[in-house]
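Chemist: Residues per chain are reported as follows:
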Amino acid sequence: MPRVFVLIPSTSYRAKAFLHAGTSASIDITVASDRRNTLASFNPAGLIDLPYDDAKEAIRLVREFASHHLLDGVIGVDDEGVVLAHQIAAALQLRHNPVKSVAATRNKFAMRTFLHQAGVSQPDFYMIESGNRREAPAFGFPCVVKPLSLSGSRGVIRVDNEAEFAYACERVIGIVQKERQSCVQECVLTESFIDGEEVALEGVLAEGELHVFALFDKPDPLDGPFFEETIYVTPSRHSQKRQSEIIACVKDGVAALGLRRGPVHAEVRFNDSGVFLIEIAARSIGGFCSKVLRFSDGQKEVSLEELLLRDAIGEDVRSFSRERSAAGVMMLPIRKAGILSSVSGVEVAREVKGVEEIIITVHSGKEMIPLPEGGTYPGFIFGRAETPQEVETALRSAHKHIIFETEEITTEA
Amino acid sequence: MTEEIKIQAQILTNEVCQFTVDRPILPKRSAFFSQKEDAKGSPLPEALFAIDNVVAVLISGSVVKVTKTNDEQWMPIAKQIGAAIRKQIQSGQPLVAEEDVRRSASEIDLRKKVETILNNEINPLIAQHGGVVSLIDVRGADLYLQLGGGCQGCGMADVTLRQGIEASIRRALPEVEEVLDVTDHAAGTNPFYSPTKK
Numbered sequence: 001m002p003r004v005f006v007l008i009p010s011t012s013y014r015a016k017a018f019l020h021a022g023t024s025a026s027i028d029i030t031v032a033s034d035r036r037n038t039l040a041s042f043n044p045a046g047l048i049d050l051p052y053d054d055a056k057e058a059i060r061l062v063r064e065f066a067s068h069h070l071l072d073g074v075i076g077v078d079d080e081g082v083v084l085a086h087q088i089a090a091a092l093q094l095r096h097n098p099v100k101s102v103a104a105t106r107n108k109f110a111m112r113t114f115l116h117q118a119g120v121s122q123p124d125f126y127m128i129e130s131g132n133r134r135e136a137p138a139f140g141f142p143c144v145v146k147p148l149s150l151s152g153s154r155g156v157i158r159v160d161n162e163a164e165f166a167y168a169c170e171r172v173i174g175i176v177q178k179e180r181q182s183c184v185q186e187c188v189l190t191e192s193f194i195d196g197e198e199v200a201l202e203g204v205l206a207e208g209e210l211h212v213f214a215l216f217d218k219p220d221p222l223d224g225p226f227f228e229e230t231i232y233v234t235p236s237r238h239s240q241k242r243q244s245e246i247i248a249c250v251k252d253g254v255a256a257l258g259l260r261r262g263p264v265h266a267e268v269r270f271n272d273s274g275v276f277l278i279e280i281a282a283r284s285i286g287g288f289c290s291k292v293l294r295f296s297d298g299q300k301e302v303s304l305e306e307l308l309l310r311d312a313i314g315e316d317v318r319s320f321s322r323e324r325s326a327a328g329v330m331m332l333p334i335r336k337a338g339i340l341s342s343v344s345g346v347e348v349a350r351e352v353k354g355v356e357e358i359i360i361t362v363h364s365g366k367e368m369i370p371l372p373e374g375g376t377y378p379g380f381i382f383g384r385a386e387t388p389q390e391v392e393t394a395l396r397s398a399h400k401h402i403i404f405e406t407e408e409i410t411t412e413a
Numbered sequence: 001m002t003e004e005i006k007i008q009a010q011i012l013t014n015e016v017c018q019f020t021v022d023r024p025i026l027p028k029r030s031a032f033f034s035q036k037e038d039a040k041g042s043p044l045p046e047a048l049f050a051i052d053n054v055v056a057v058l059i060s061g062s063v064v065k066v067t068k069t070n071d072e073q074w075m076p077i078a079k080q081i082g083a084a085i086r087k088q089i090q091s092g093q094p095l096v097a098e099e100d101v102r103r104s105a106s107e108i109d110l111r112k113k114v115e116t117i118l119n120n121e122i123n124p125l126i127a128q129h130g131g132v133v134s135l136i137d138v139r140g141a142d143l144y145l146q147l148g149g150g151c152q153g154c155g156m157a158d159v160t161l162r163q164g165i166e167a168s169i170r171r172a173l174p175e176v177e178e179v180l181d182v183t184d185h186a187a188g189t190n191p192f193y194s195p196t197k198k
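Top to bottom, those sequences are chains A and B. For the first sequence, counting from 1, position 374 maps to 374 in the working numbering; every step adds exactly one. For the second sequence, counting from 1, position 16 maps to 16 in the working numbering; every step adds exactly one.
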């Protein structure tokens, strides 16, 4: 059987989906995680730990591994391992993107610079270098400040005036320092705020050609001050013309970055002035969201993860298309910070017509931290129905039933 | 006068109590019932499942192991179990249907082998991350496993189960078919690795 080396960080939601996909596709999986699994010695072909922050050592370990086990492909599942995955694939002469292209997707300033040089439609931007004065943007307000590398809207803040600007920059720096457990001054990216609607595109590249798996509408406005994702619904209800413009914009971005193969996840905004590329990642959609996507080539129904595994070993997956049903996911927002004491209403929410599954991921006693500091969703609602409107209605109805009870965190003054 | 039947109860855990009877009730054979529905047609386990909070029954030789829910005290339940065993023995009827004994023989054997692997090889290692795995049931050649402690709700639980535990069991016991995870991961309170949205 072919074998794919899958970099799955220990904080990923997606291990189960990839392992299941491997069984379905008859592809052996080697899970390469950032932490040692205590059972690694029982299955050296299936479990390995790599230092994600030391590419040289990681490549050495994988070369050693590959001397005993034939590898056919490498996938970086989440942001943490995506650059290393391409470095490893390059070292083993397996299918990969140029490493500098993937690295650019992990640094928002580098990505903006690549896109700017190629004339891709995107927000205006500039970077406040570490330690420099927090100068208000020349393109005015509102603007958005964000860290260079965090994902999932963490640390992304809309700023409407000069008075808020320096405070927001400090807040972003604090979030990054806490994440890195370091006091080093961090750079902050400032972008013009693009008013309008946002969509997400999921696709795969084959020799630089983009094959779109799904275009998700995001029906909840993302106007700030923080940018919490909630509902994704596919297929898109926007006009064919608008969808074509969105896809064309992503194609421009992909070409500008030099991405050639593998999964692509992009965020795009549009308004009366045009279409603007917000972000491209050289990975697939994160969290549990891929569960809404089902594909078929007319013979077999497969998951997104199975398509990615097949793509990684060189199969042409463009014959697969998404199912006819509309589908969607709601990432449950954290409205209030605190320690989770209980979750109620889930069983009632599961009974809502059009709701397929609800997953609560937060555990009692854990701290719930909203954006921009927070990094997790407490749960996901999945819906499937005839139309996107029915899916959206189902997700919203189900959400109304689910209540997260929290206890406030207090400290002595 | 009816001969006195002596039964010694030994509480093994808060959930499991072992009843040793002074005579064989299923000589050199075993039968395991993981739910009430499985016991239909077998008088002794049927009678035991009729007692509140009993969730599983293992009968082997002269021993009856009963599993109950966690919340209740053993003393009153143990008395009811003892009375039920005595009554069924005194009835003079077969205590377990023959088909249940046949079905369970290979399951009991498989259960012992799997438990040996879990106890001797797997659990000492995953305990390093505060985890534990328990064999909940064996149906045919299918295993029902439950992860607990640091494994419950852990982002790497599936990797540990499929690439570690399952791979290890299959290597030693190729006759195993499905390995199913019956853990309620949402109920875990202290996962070793907490998944994030990245």
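Any given hint could be a false lead.
Unchecked claim - For the chain A half of the interface with chain B, some residues (derived, Cβ under 10 Å), not all of them: (1) Ser-33; (2) Phe-193; (3) Arg-237; (4) Ser-239.
To be verified - Just a sample of chain A residues kept apart from chain B, beta carbon distances all over 10 Å, derived: (5) Ile-29; (6) Ala-40; (7) Leu-61; (8) Asp-160; (9) Pro-225; (10) Glu-279; (11) His-363.
Calculated from the structure, these hints are not laboratory results. Only a predicted model underlies this, so the values are computations on that prediction, with no experimental measurement involved. Note that the Cβ used here is the ideal one computed from N, Cα and C, for glycine as well.
Chemist: Which hints, by number, does the structure contradict?
Modeler: 2, 3, 4, 5, 6, 11
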